[in-house]
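Undergrad: These protein sequences, in sequence, are chains E and S.
Using the numbering used here, the first residue of the first sequence is number 1, and each one after it goes up by one.
Using the numbering used here, the first residue of the second sequence is number 277, and each one after it goes up by one.
No lab work stands behind these hints: they were computed from the structure.
Any given hint could be a false lead.
The list that follows gives simulated cross-link-like pairs (lysine-lysine, PhoX-like), each with its CA atoms no further than 20 Å apart [what the hints assert, rightly or not]:
id, chain 1, residue 1, chain 2, residue 2
1, E, K274, S, K526
2, E, K250, S, K332
3, S, K457, S, K419
Listing some non-contacts, in silico: residues in chain E with all C-beta distances to chain S over 10 Å [stated by the list, open to error]:
id, residue
4, P11
5, H78
6, V131
7, H141
8, K180
9, C242
10, L263
11, E275
Idealized CB from N, CA, C, for every residue including glycine.
2 protein chains.
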Amino acid sequence: MELWFTEKQTPALGITCLVRETVCRQKTRYQDLAIIDTVEFGRMLVLDGMVMTTEKDEFVYHEMLVHVVMQAHPAPRHVLVVGGGDGGAIREVLKYESVETATLVEIDGEVVEACRKYLPQISCGLQDPRVTVLIEDGLEHVKRSVGKYDVILVDSTEPVGPARGLFTVEFFRDVYRALKKDGIMAAQTESPFVNRELIKEVFAGLGGVFPLARLYLASVPTYPSGLWSFTAASKCYDPKNCRQKPVETKYYNFAVHGAAFCLPGFVRELVGGKEQ
Amino acid sequence: MELWFTEKQTPALGITCLVRETVCRQKTRYQDLAIIDTVEFGRMLVLDGMVMTTEKDEFVYHEMLVHVVMQAHPAPRHVLVVGGGDGGAIREVLKYESVETATLVEIDGEVVEACRKYLPQISCGLQDPRVTVLIEDGLEHVKRSVGKYDVILVDSTEPVGPARGLFTVEFFRDVYRALKKDGIMAAQTESPFVNRELIKEVFAGLGGVFPLARLYLASVPTYPSGLWSFTAASKCYDPKNCRQKPVETKYYNFAVHGAAFCLPGFVRELVGGKEQ
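Using the sequences provided together with the hints, build the complete structure.
TA: Shown next as structure tokens:
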């Protein structure tokens, strides 16, 4: 028997993967959680039927969400990850010696537990003494925090269900206030082929709240279209610059940092049409 | 009824698309040819079950195959496209005023005919008076040509069936000889996630024949992993440089030209590990 998992990435497009076994499956308070072992991508975290991360390609997403803004800041000491219950973003954050505290705020504790148990290569950073894991609504945590963080990383699911609030101007304002006066943030902002309106909205929203907003790109095979966008927004440091020593990575490097901001024409259209 | 077309991109990974209708389907002398109308990507050319090109994302592949080396040459006059029966590469080549002749050599005449009929936005360039379409084996044509072309573009299918010979050192030597003394070439060289050994082999092969070989990348949603590689090889002009006026494009621009050569670490490994 062959078992195939298919994610309908849009109503008319899917990715389908041959499955070795279902490692775990449960209904949490918030979502349908599964970890499956696929032949092509190794273990895969699937929430509400959507691929969140896989052993084989998670490095692209996590490195590119984290290192661009971590490098743009001269010495990030206090870092917050909103969402990202798999721990992959935290693992990357911990590569910087300047980091004193790394806080993960994830709404669904069962995601964190499943990833600790079944995705140890991704979640390993969560054991680090600098890390605090808070199981609560990221929106609430950010709203309560004032001038507290050097870097905030929004590692959300798609803008449906509990993550919807993470794509609103109200949240961006709260992130601005939760950052120190030279703070910087990055958020995953979906595919420029598939989610064009969302990217425009988020970019305009962040650009209205922060003095500097820039869109950048990376290639994540298991996400719709394979081309993924991130939006960096900053109070003073330009996200295009690297201010730190290199850290060990498999996708990110200083050349890729600069290249990620070089947008193809059909993506430039989403951010006002100018070269960044 | 819902009709879905699924391409098994690897034995364990597939892309699946909702189909409006089958526009044409036939067995040619060389392959199974279909053009289907998909909801997500518009009309799609499928050869032996593999997606070759689609109305929605063909611009990425064709622009990036063509413009990088066309721009790197100061005045390409005579250009050869090997394969590429859909005509998309020819359409891009014709954007340069310096071009006097553009020759398409495609082994399967039925591909050209089907694309002329059903994919006019892609094949439109084939009507241009500067264009000659030769229905013959590209390997033979290149072997017979000596010092004839400024630019050769290898727009092949996967390295199986009739296209296998287009990935061999013997062919690369013939391409070298078919080029003028300052000639330059580019070939599509598959995905750095999925086809790592092939990229290594082709890069080493071209690097052994030409003084300069460079790998570059672009994001094509309908190709395996969404991340696609091309290899440029040149007798004297560095493929990283732009020497022409800009032409009208949707993906390619001068910033993207430079950025495409900035390789993530896991891709650098395939070309000797150094920054290009």
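Undergrad: Is the Cβ of V131 of chain E more than 10 Å away from each Cβ in chain S?
TA: Holds: least Cβ distance 25 Å, greater than 10 Å.
Undergrad: For a C-alpha distance cap of 20 Å, please report whether K274 of chain E and K526 of chain S respect it.
TA: Holds, at roughly 13 Å.
Undergrad: Can we trust that H141 of chain E is non-interface, i.e. its beta-carbon lies farther than 10 Å from all of chain S?
TA: About 32 Å separates H141 of chain E from the closest Cβ of chain S, which puts it past 10 Å; holds.
Undergrad: Against chain S, does K180 of chain E hold up as non-interface, every C-beta pair farther apart than 10 Å?
TA: Per Cβ check, K180 of chain E is outside 10 Å of chain S; nearest 31 Å; holds.
Undergrad: Would you check the hint for K457 of chain S and K419 of chain S, treating anything up to 20 Å between C-alpha atoms as holding?
TA: Answer holds: K457 of chain S to K419 of chain S is near 16 Å, not above 20 Å.
Undergrad: Please verify that the nearest CB of chain S lies beyond 10 Å from E275 of chain E's CB.
TA: Its Cβ does come within 10 Å of chain S, the nearest being 6 Å, so this is violated.
Undergrad: Any Cβ of chain S at or closer than 10 Å to C242 of chain E, or is the non-interface label fine?
TA: With a cut-off of 10 Å, C242 of chain E remains clear of chain S, as the shortest Cβ separation is near 13 Å.
Undergrad: Should the label of P11 of chain E as a non-interface residue stand, given a Cβ cut-off of 10 Å to chain S?
TA: Not fine: 7 Å to the nearest Cβ puts P11 of chain E too close to chain S.
Undergrad: The output says H78 of chain E does not contact chain S. Does that hold with a beta carbon cutoff of 10 Å?
TA: 28 Å, holds
Undergrad: With a cut-off of 20 Å on the C-alpha distance, tell me whether K250 of chain E and K332 of chain S pass.
TA: Distance of about 31 Å is beyond 20 Å: violated.
Undergrad: Taking the minimum C-beta separation from L263 of chain E to chain S, is that value above 10 Å?
TA: Since the minimum Cβ distance to chain S is about 7 Å, L263 of chain E lies within 10 Å and the statement is violated.
In summary, the numbered hints that this structure violates are 2, 4, 10, 11.
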